[in-house]
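Visitor: The chain contents come next:
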Amino acid sequence: MASLHVLANPARFRRFSQKVLPVLSGATALVLAVGLYLALVESPPDYQQGETVRIMFIHVPSAWLAMAGYALLAGLGAALLVWRHPLAALMARAAAPVGAVFAAVCLLTGSLWGRPMWGTYWVWDARLTSMLLLFFLYLGHIALSRAYDDAERGDRAAAILALVGVINLPVIKFSVDWWNTLHQPASVMKLGGPSIHPAILTPLMVMAAALLLLFVVLVMVRTETEIDRRRLDAAERAQ
Amino acid sequence: MSHTPFIIGAYVVALLGFGGLLVASLLARRRIKRELGHRGLERR
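As they're listed, the protein sequences go chains H and P. Residue numbers are given in the working numbering: position 34 of the first sequence equals residue 34, and the series is strictly consecutive. Position in the second sequence counted from 1, then plus 1000, gives you the working numbering.
To be clear, the hints were calculated from the coordinates, so they are not data collected in a lab. Since we're looking at a predicted model, the values are computed, not measured. It is possible that part of the hints are untrue.
As the list claims (entries may be wrong) - In the SDA-like style, the derived pairs of lysine to any residue whose C-alpha atoms are separated by at most 25 angstroms in a straight line are:
(1) H:19 with P:1040
(2) P:1033 with H:25
(3) P:1033 with H:26
(4) P:1033 with H:12
(5) P:1033 with H:146
(6) P:1033 with H:216
(7) P:1033 with H:11
(8) H:19 with P:1031
(9) P:1033 with H:24
(10) P:1033 with H:239
(11) H:19 with P:1034
(12) H:19 with P:1028
(13) P:1033 with H:15
(14) H:19 with P:1012
(15) H:19 with P:1022
(16) H:19 with P:1024
(17) P:1033 with H:234
(18) P:1033 with H:175
(19) P:1033 with H:188
(20) P:1033 with H:18
(21) P:1033 with H:16
(22) P:1033 with H:231
(23) P:1033 with H:230
(24) H:19 with P:1019
All chains should be modelled from the sequences, with the hints used to inform the complete structure.
Guide: Here it is as structure tokens:
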């Protein structure tokens, strides 16, 4: 926790990310290559879904990371509003579009899985609708943070939305238990452990690791950009 | 119904989404660095 506090200084974060990013980028490429090989070549067809199970290797990690990304936004929102953490606003601006893309990929790949499996691209069940709401929350965060001439006002408004919207995360997670949904219940993150065969679970977890690394790399690159953008804006105002 | 187009479609969506965001992020990074350079604000 103390080391995280040290990184609150944007200049220090920048020096840290410049050291770490090349290693993380290499690890992302390597793990993604292994994950894609396992997902597309090595893993067997599912006994019910057949080859369509391969869509799950993108869809499920995208959903996890879209939710984790929003939890990150809420944490950054709290850090900004409570502690005026200097890096929090910049990192939130960087992370929101990344989370939005992960949510969009989750929705679109889920839709492409639904057509052959359920016979429809979309149903308004609780899981799908709450996931769509998450995507709109991301869009709202992006729009709010850019809606004011004064960037700090935009950052604070977006932080409030992030904190209010975090209530949607347990709704997404437990929607399949609370309501009767077409979407299947949890099969990986549940009490009693995963109910998926290791031949399917292994590529899923490797792809999840690859997409997590990609998420981190994207947020770090974009945070560096936001730090420099703020410097540029300050220089322009000073002229 | 053949499931292959749906599988290919899902991977294309992921490639366009993640790849597009990565390229856009790197281009934005390069643009800002260049702009800072023009103003003599680049960091050592």
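Visitor: Next step is simple, just say for each hint if it's right about the structure.
Guide: Hints, verified against the model:
Between residue 19 of chain H and residue 1040 of chain P the alpha-carbon distance is near 23 angstroms, which keeps this suggested pair within the 25 angstroms criterion. For the given pair, residue 1033 of chain P sits about 19 angstroms from residue 25 of chain H by alpha-carbon distance, which is consistent with the 25 angstroms threshold. Proposed proximity of residue 1033 of chain P and residue 26 of chain H is supported: the alpha carbons are some 22 angstroms apart, at most 25 angstroms. Distance check on the hinted pair: residue 1033 of chain P and residue 12 of chain H sit about 18 angstroms apart at the alpha-carbon level, within 25 angstroms; holds.
A threshold of 25 angstroms between alpha carbons decides the hint, and for residue 1033 of chain P with residue 146 of chain H the separation of about 21 angstroms falls inside it, so the pair holds. Of the pairs offered as hints, the one joining residue 1033 of chain P and residue 216 of chain H holds, with about 21 angstroms between alpha carbons and a cut-off of 25 angstroms not exceeded. Annotation: proposed proximity of residue 1033 of chain P to residue 11 of chain H holds, straight-line Cα distance about 15 angstroms (limit 25 angstroms). With a C-alpha separation of about 21 angstroms, the suggested pairing of residue 19 of chain H with residue 1031 of chain P holds against the 25 angstroms cut-off.
For the hint linking residue 1033 of chain P to residue 24 of chain H, the alpha-carbon distance of about 21 angstroms falls within 25 angstroms, and the restraint holds. A hinted pair counts as satisfied when its Cα atoms are at most 25 angstroms apart, and residue 1033 of chain P with residue 239 of chain H qualifies at roughly 19 angstroms. Between residue 19 of chain H and residue 1034 of chain P the CA atoms are separated by roughly 21 angstroms; this keeps the pair inside 25 angstroms, and the hint holds. Between residue 19 of chain H and residue 1028 of chain P, the direct Cα distance comes to roughly 20 angstroms. Compliance with the 25 angstroms bound is thereby established for this hinted pair.
About 15 angstroms separates the Cα atoms of residue 1033 of chain P and residue 15 of chain H, which keeps this hinted pair within 25 angstroms; it holds. With a C-alpha separation of about 32 angstroms, the suggested pairing of residue 19 of chain H with residue 1012 of chain P is violated against the 25 angstroms cut-off. Distance check on the hinted pair: residue 19 of chain H and residue 1022 of chain P sit about 19 angstroms apart at the alpha-carbon level, within 25 angstroms; holds. Restraint check for residue 19 of chain H and residue 1024 of chain P: satisfied, since their Cα atoms lie roughly 22 angstroms apart, inside the 25 angstroms limit.
Taken as a hint, the residue 1033 of chain P and residue 234 of chain H pair is honoured in the structure, with Cα atoms around 15 angstroms apart against an allowance of 25 angstroms. Simply put, residue 1033 of chain P and residue 175 of chain H have alpha-carbon atoms about 45 angstroms apart, too far for the 25 angstroms limit, and the pair is violated. A C-alpha spacing of about 42 angstroms is found between residue 1033 of chain P and residue 188 of chain H, which places the hinted pair above 25 angstroms, so the restraint is violated. Of the supplied pair hints, the one linking residue 1033 of chain P and residue 18 of chain H holds, its CA atoms being roughly 14 angstroms apart against a limit of 25 angstroms.
For the given pair, residue 1033 of chain P sits about 18 angstroms from residue 16 of chain H by alpha-carbon distance, which is consistent with the 25 angstroms threshold. The suggested pairing of residue 1033 of chain P with residue 231 of chain H holds, with an alpha-carbon distance near 11 angstroms, which does not exceed 25 angstroms. The straight-line distance between the Cα atoms of residue 1033 of chain P and residue 230 of chain H is roughly 12 angstroms, inside the 25 angstroms bound, and the hint therefore holds. Between the alpha carbons of residue 19 of chain H and residue 1019 of chain P the distance comes to roughly 23 angstroms, so the proposed pair stays at or under 25 angstroms and holds.
Of the numbered hints given earlier, the model fails hints 14, 18 and 19; all others are met.
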